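Trainee: Here is how the chains run, residue by residue.
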Amino acid sequence: MHESTTPLVPGSRPTTRREFFRRTAQVGVGLPVGAWLAAACGGSTSPSISSSSAARAIKGTATILNYAGWMGKHNVSGFEALHPGAFIKQNTEGSISSGAVVAELRARQSSFTGALGDLAVVGQSIAAGILQPLDWSKIPNVSLVDPTFRKAYSHGVPSDYGKVGIGYRTDLVKEDIASWHDVWRLAPKYSGKIVFIDLDRDCIGSALKYLGYSTNTTSAAQLNSALKALIAIKPHLQAILGYNIGTGLAKGTTYIAMDWDFDVGLAQQSSKHVRWVLPSEGATAYLEGFFALKNTPQLPVFESFFNFFLQPRQYADFVNTTGTAFVEKAATPYINKPIADNPALLVDPVTLKHVEFEEYVGAATALYTSVWDQFKSA
Amino acid sequence: MGPVQVRVAARGAGAVKGKVGRSIRAILALPTIGWVALFFAVPLVMVLVYSFATISLVTFNTTFGWTWSNYRQIFDHLYLDTFIRSVLLSVSATAGCLLLGFPLAYFISRQTPRRQRLLLVLVIVPFWTSFIVRTYAMENLLGPGGPVDHLARLLGFSQGLVLLYTPAAIGIGILYSYLPLMVLPIYVSLERIDAALLDAAWDLGALPRRAFWRVTVPLAAPGILVGCLIVGIPAMGEYVIPEVLGGGKTLMLGNVISEQFLSIGNAPFGSAIAVVLMLAMAAALFGLRRARKLEET
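Chain order of the listed sequences is A and B.
Residue numbers in the first sequence follow our numbering, run continuously in steps of one, and reach 378 at the last position.
Residue numbers in the second sequence follow our numbering, run continuously in steps of one, and reach 1297 at the last position.
Honestly, the hints are just simulated from the structure, not real lab data.
Keep in mind it's a predicted model, so treat the numbers as computed, not measured.
Where is the CB? At the ideal position from N, CA and C, for every residue including glycine.
A portion of the hints provided could be inaccurate.
Unchecked claim - Examples of chain A residues toward chain B, derived with CB under 10 angstroms:
#: 1; residue: 103
#: 2; residue: 127
#: 3; residue: 129
#: 4; residue: 185
#: 5; residue: 237
Said to hold, decoys possible - To list a few chain A residues with every Cβ distance to chain B over 12 angstroms, as calculated:
#: 6; residue: 89
#: 7; residue: 189
#: 8; residue: 200
Stated by the list, open to error - In silico SDA-like pairs for lysine to any residue, Cα to Cα no more than 25 angstroms straight-line:
#: 9; chain 1: A; residue 1: 234; chain 2: A; residue 2: 146
#: 10; chain 1: A; residue 1: 89; chain 2: B; residue 2: 1262
#: 11; chain 1: A; residue 1: 251; chain 2: B; residue 2: 1162
#: 12; chain 1: A; residue 1: 174; chain 2: A; residue 2: 273
#: 13; chain 1: A; residue 1: 228; chain 2: B; residue 2: 1292
#: 14; chain 1: A; residue 1: 234; chain 2: B; residue 2: 1167
#: 15; chain 1: A; residue 1: 251; chain 2: B; residue 2: 1144
#: 16; chain 1: A; residue 1: 228; chain 2: B; residue 2: 1075
#: 17; chain 1: A; residue 1: 228; chain 2: B; residue 2: 1243
#: 18; chain 1: A; residue 1: 174; chain 2: B; residue 2: 1145
#: 19; chain 1: A; residue 1: 234; chain 2: B; residue 2: 1110
#: 20; chain 1: A; residue 1: 228; chain 2: A; residue 2: 242
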C-alpha cells in the first residue's frame, strides 16, 4: 500500500487549540472518506483489533465533552464508517478550565460517555468519583503511545501535550530572552506590549516557575508569592488572552508573550522574527487525553473509538488538524513536516526533563482559584 | 319589558360578555405566562436557591442550605472594587449615550416625516448585524494600526493611539453598542411634544434656550428615563464588551459572574453575585420611579 504524508484535506491548515475553544461549530463529521479510509485502515501496522468482529459488536452513541474541533478531520467519520451503528457525538459547550469541566461532568454525568481533560481534570474527576477505569485489552493501540506519556496519563487515552513558554519578537525586543526572570525584568521597558495566557493553571504555574517553585505547589505562601508577582506585572500587560496570542506576535502588535508551544509554532510560520523560548527556570506543561465517565453504558463504543484514534494514521490526522505536540512517535511519518520538525513541539528527553506537568492539587485547588480570582480582579 | 328590566338584562348580558372576554384573554395569555414561568421565573428561583448553597471546589458536591457565606464573600474588597468599577463604567457609558443621543434624537424629531424615517432607519441599521460581530469590528477599529491609531498619527501623535484593551475601549464599546437604545425612546418623547407648547412659551417671553430647558427637556424626561434604564441596566452586567475590548484585564461584574460559572465552577457564589446585581438594579429602578413620582406630585 502506498503511504503518503500528504494532508488528508488538500490546503488544510492547522488551527490553534485556543481558536477551537472559541468556536461553536463542531468539526465536520459527515465527510465521506471512501477509498482513503479503506487504505488507511487496511494499511495499518498497529496492533488494532480486528474490525470484522468488532464492527458487529460495537453499537451505540458515545458522547464526548471536547474542545470545539479538537479531533482529526476524519477520525469520527472513519470510525463510524467502520462500525455501522456506532456513533461519536462531540459536545463542545464545555469550559476550558479544569474546575468548570469537572463541575459540568458531575452535574450532567449521564449525558456524557467521556471527556477530554488534562491531569488536573483527571485527578479532580477521580476525587469527585466520576472516572471510569478503562479495559486496556480493548485499547491495544495504547502501546503505541510514548511510555512517558502513557505512564503519566494512566487513567485515560493520552492525546496531546503542550508547554507554556515564551514567544517574542527578535526584531522588536533588543535583549535576548531566556527566562521568566527576563520577562519580569523587561516588563517596564516593554509595558503594554506583553500578553499573558488567560488560563489559571498555565498562568499561575508560569509565575511559580519564575519564582523557582513547583507548578503543582500546595503551599499557600508560595502561591501568595506567585500572586504578588502576577499583580506586579499586570499593569504592564497589554492583555490576558485565551486566544489569538500568536497572532499578535506574528503581526508585531505583541512583543513578548506567555504562550503555548504550538501557538508560537504557528506564529513562526507567519513571521521569521518570532522566537520560542523554553524558560531556563523550567516550564509548566499540560498533558491531555480522553477519559471515560463512571457507569457509562457506552463504554465499548468509547474504548473502540479511541483504539481506532490511536492508529498511527488516525492519530496523525488528529495532530495535523490541531497542530498540537504529539505523544505517539509511531505517527511521525504521517504528520505534516512543519509540525513534526518544529523545535517548539519537540518531544525529546532533554525537553521533557525541563517541563513539569500540571497535576491535580487536591484541597489546594481552592487556593489556585483564589489566586486567579485576585489576579483577574486586581 | 320595562326600561328598568331592559337595563338589568343588558347589564347581565354585558357581565356575561365581560366574563367570556376575560376568559378568552386569560387563555390567550396562558402560553406567554407559561413561557415566562418556565424560562424566567424558574431559573430565577434556581439562581436564588443556589446563592444560598455551598460547593466543594474539590469534589463539586453542592450542599443546599441557607448560608449567607456567598453574600458575605461579595463584600471582599476584590469584588467590591469590581462592583464599583462596573457602576462607574455603566454610569459613564449611560451619561455618554445621553450626551450623544439626546442631540441626535432632537435633530431627528425636528426633521420632516420622510427624513425622520430615513434617519431612524440609519440609527437602527447597526442592529441588523450581530452584536458579537460589531464588538469584534471595534477590536479592529481601536487596535494597533486601526483607523483610530492611524488618525492619531496623521494628527501628529507620533506614538499613535491604541485604545484596545483599555477601560476607555470598554466605554467606547458600550457607547457604540447601546447608543440606539438611548436615541429611540428620547426621539419618541420629543416627537410627541406639541409644538403649540413651545409657541406658547415663546409668546410668554421665554427665549429658545429657556423654552428648551423649561418645556422640551421636562416633556422628554420619560424618554430620557427609559433610555437611561435600558442602557444602564444591561451595561452594568455587560460581559462580551469587557471580554473582547478589555483584553481580560478590566473586569466588570458580568465577567466575574461568568468566571465563577464557566471557569471556576462555583455556581453558588456566581448566583449570589447575580442576585446582588439584580437587587442593585431593581433598587435603582424603583428609586428612579419614586423620584419621578415625587417630581410629578
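Trainee: Each hint: holds or not?
Mentor: We went through each hint and held it up to the structure:
Of the supplied interface hints, the one on residue 103 of chain A holds, with its beta-carbon coming within about 3 angstroms of a beta-carbon of chain B, less than 10 angstroms. At about 6 angstroms, the closest approach between the beta carbon of residue 127 of chain A and any beta carbon in chain B falls short of 10 angstroms, and the interface hint on this residue holds. For residue 129 of chain A, the suggested interface contact is upheld, since its CB lies about 7 angstroms from the closest CB of chain B, less than 10 angstroms. Hint status for residue 185 of chain A relative to chain B: violated, with the closest Cβ pair at about 21 angstroms, above 10 angstroms.
For residue 237 of chain A, the interface hint holds, since its Cβ comes within 10 angstroms of a Cβ in chain B; the closest pair sits about 6 angstroms apart. For residue 89 of chain A, the requirement that its beta carbon stay farther than 12 angstroms from each beta carbon of chain B is met, with the minimum near 22 angstroms. Every CB of chain B is more than 12 angstroms from the CB of residue 189 of chain A (nearest about 15 angstroms), matching its label as outside the interface. For residue 200 of chain A, the condition that its CB be more than 12 angstroms from all CB atoms of chain B is violated, with the nearest at approximately 7 angstroms.
Restraint check for residue 234 of chain A and residue 146 of chain A: not satisfied, since their Cα atoms lie roughly 38 angstroms apart, outside the 25 angstroms limit. The suggested pairing of residue 89 of chain A with residue 1262 of chain B holds, with an alpha-carbon distance near 22 angstroms, which does not exceed 25 angstroms. Between the alpha carbons of residue 251 of chain A and residue 1162 of chain B the distance comes to roughly 15 angstroms, so the proposed pair stays at or under 25 angstroms and holds. Restraint check for residue 174 of chain A and residue 273 of chain A: satisfied, since their Cα atoms lie roughly 12 angstroms apart, inside the 25 angstroms limit.
With a C-alpha separation of about 48 angstroms, the suggested pairing of residue 228 of chain A with residue 1292 of chain B is violated against the 25 angstroms cut-off. A hinted pair counts as satisfied when its Cα atoms are at most 25 angstroms apart, and residue 234 of chain A with residue 1167 of chain B qualifies at roughly 14 angstroms. Between residue 251 of chain A and residue 1144 of chain B, the direct Cα distance comes to roughly 10 angstroms. Compliance with the 25 angstroms bound is thereby established for this hinted pair. A distance of roughly 22 angstroms separates the Cα atoms of residue 228 of chain A and residue 1075 of chain B; the hinted pair therefore holds under the 25 angstroms criterion.
A distance of roughly 23 angstroms separates the Cα atoms of residue 228 of chain A and residue 1243 of chain B; the hinted pair therefore holds under the 25 angstroms criterion. Of the pairs offered as hints, the one joining residue 174 of chain A and residue 1145 of chain B holds, with about 22 angstroms between alpha carbons and a cut-off of 25 angstroms not exceeded. Simply put, residue 234 of chain A and residue 1110 of chain B have alpha-carbon atoms about 50 angstroms apart, too far for the 25 angstroms limit, and the pair is violated. A distance of roughly 21 angstroms separates the Cα atoms of residue 228 of chain A and residue 242 of chain A; the hinted pair therefore holds under the 25 angstroms criterion.
Taken one by one, the earlier hints fail for this structure at numbers 4, 8, 9, 13 and 19, listed in ascending order.
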